Structure formats: C-alpha cells, structure tokens
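Visitor: Chains as they are written, first to last, in the working numbering: chain A, 1 to 158; chain B, 1001 to 1082.
Please keep in mind that the hints were generated in silico from the structure rather than gathered at the bench.
What you are looking at is a predicted structure, and each value in this text was computed from that prediction instead of being measured.
For every residue, glycine included, the Cβ atom is placed at its ideal position computed from N, Cα and C.
Take the hints with a grain of salt, since some may be wrong.
Said to hold, decoys possible - Some chain B residues close to chain A (C-beta under 8 Å, calculated; not the full set):
#1 1041
#2 1048
#3 1059
#4 1060
#5 1066
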Amino acid sequence: VKRVGALMSAALLLGVGLGGFLDGIVLHQILQWHNMLSSRVPPTDLVAMKYNMVWDGLFHAFTWIATATGIGALWRAGPRTDIPGATSIFVGSMLLGWGLFNLVEGFLDHQVLGLHHVHPGTDQLAWDVGFLTFGATLAMAGLTAVVAGHRKLAGRAS
Amino acid sequence: MPARTLSVVVLAGAIPGTVSTALACPRCYTSELVRRAVMGPGFFWQLLLLSLPFVVMGSIAVMIRRVGDGFAARTRSKRWRR
C-alpha cells in the first residue's frame, strides 16, 4: 500500500510524456493539423514554419523531461531489490541503447546514405565524427555500468 | 561507478553537448530570422505558457504521490472492516 502514490505519480508522468509525444508526432508533424504557436504565427511561409518548429521542439523537450522523470519515478516506486546491481544494469542498458542508436543512426544516415549531416557545411565531417564519438562514449559508459551491475549480481550469487 | 553518479555525469555531459549543437545550427538566412523571432521580447512569456500544462500535471503528480498512499491505506482499512 505504501508505494501506491509513487506508482500512480510515476504512471501519470509517463502518461503526460507519452501523450505529449503522440500529440507532437501525430498532430504536429505527421498530419500537420497544428503547431505549438500556429494560431499566433500561422505557418504560411518558411520562416513562420521554422518558428513553429522551434516551439514544437521546446514542447517535445518538456515531454522528454516528463517521460524521463516518469521512468525514474517508476524505478523508484518499484525497485528490484531482489536483483543486486539492478539500477546499474537498468541505467547502463538505457545509456547503451542511446549510444548504440546514435552510432547506428550516425553511421547509416550520415555516412552511408547521406540523408543529412549533424551540422551541414564546411566542417560537417568534424560534427559527424563528434556525434559518433558522443554515441560511443554513451555506449561505453552504459556498458561499464552494465558490467558493474553484473559483477554485483555475480558477487551476490556466489 | 555507482549508477546515480553515472547518470548525473552523463546528463551533465549531454546537456551542454545538445545545447551547443543547437546553438551552432547552420547560419542560413531563415535560421537567423527565426532565431531573432524566437528570442524576441515574448520568449519567456511564451515559454511560460508552453510549460504551464506540464507544471500543472507535475503538481498533480506530486500531490498524488503524497495523497495516494493515504488514500490506498484508507481503502484497504475499510475493506478489512467489512
């Protein structure tokens, strides 16, 4: 009974985040029915469209924060105390996923397919390499945390 | 490295990385105009309006976290009495 409030609060935050993402992705971007400030600045030309795009991005930043907070709250509401090192394994695996996605997306979309570059222009290769390095750093940090978690787990088992 | 320390370190690294990437976006003409328009005098007011639903929902989440346990305990004790 003690953790019901924490569980509800975490789920509420996840609902805010996932609902916000669905609104932004489906209504703002795919269907293009509206944008964050489209009633104030109608997206009738390129500058107005980009202006709304920035505010859509800020909206998504808030939904990202709500989702990340919700995940943290959910983990705190129901910690796996039966698995030693569970937090290390969980956080590490998330970082590993983030880093690996950056590496795969950066390699395929930026280098192989050339769909876009991180910062197009004269220094685009440096920016692309920086993006890949950031991804590799995240993946390495994640892997280190996962290994540390598994060591704790192995230590408890032996 | 403990997971909590690791997440703080990664977040501390990720935020400046993301912000610097955003600030260094290509300096084409429309981007200059957009940046000037977004960062105009109404920026903080619009940011406040945008964040308002999130602040309201965040407050409700905090309230539920505090009230939820008590509510669940009361419901449980009522069931026991029956």
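Visitor: Each of the hints needs a verdict: does it hold here or not?
Guide: Evaluated hints:
The interface hint given for residue 1041 of chain B is broken, as the beta carbon of that residue sits about 14 Å from the closest beta carbon of chain A, more than 8 Å. For the restraint placing residue 1048 of chain B at the interface with chain A, the shortest Cβ-Cβ distance is roughly 11 Å, beyond the 8 Å limit, so the hint is violated. Evaluation of the residue 1059 of chain B hint against chain A yields a violated restraint, the C-beta minimum of about 11 Å exceeding 8 Å. Look at residue 1060 of chain B: its Cβ gets to within about 7 Å of chain A, closer than 8 Å, so that hint holds up.
Evaluation of the residue 1066 of chain B hint against chain A yields a held restraint, the C-beta minimum of about 6 Å falling below 8 Å.
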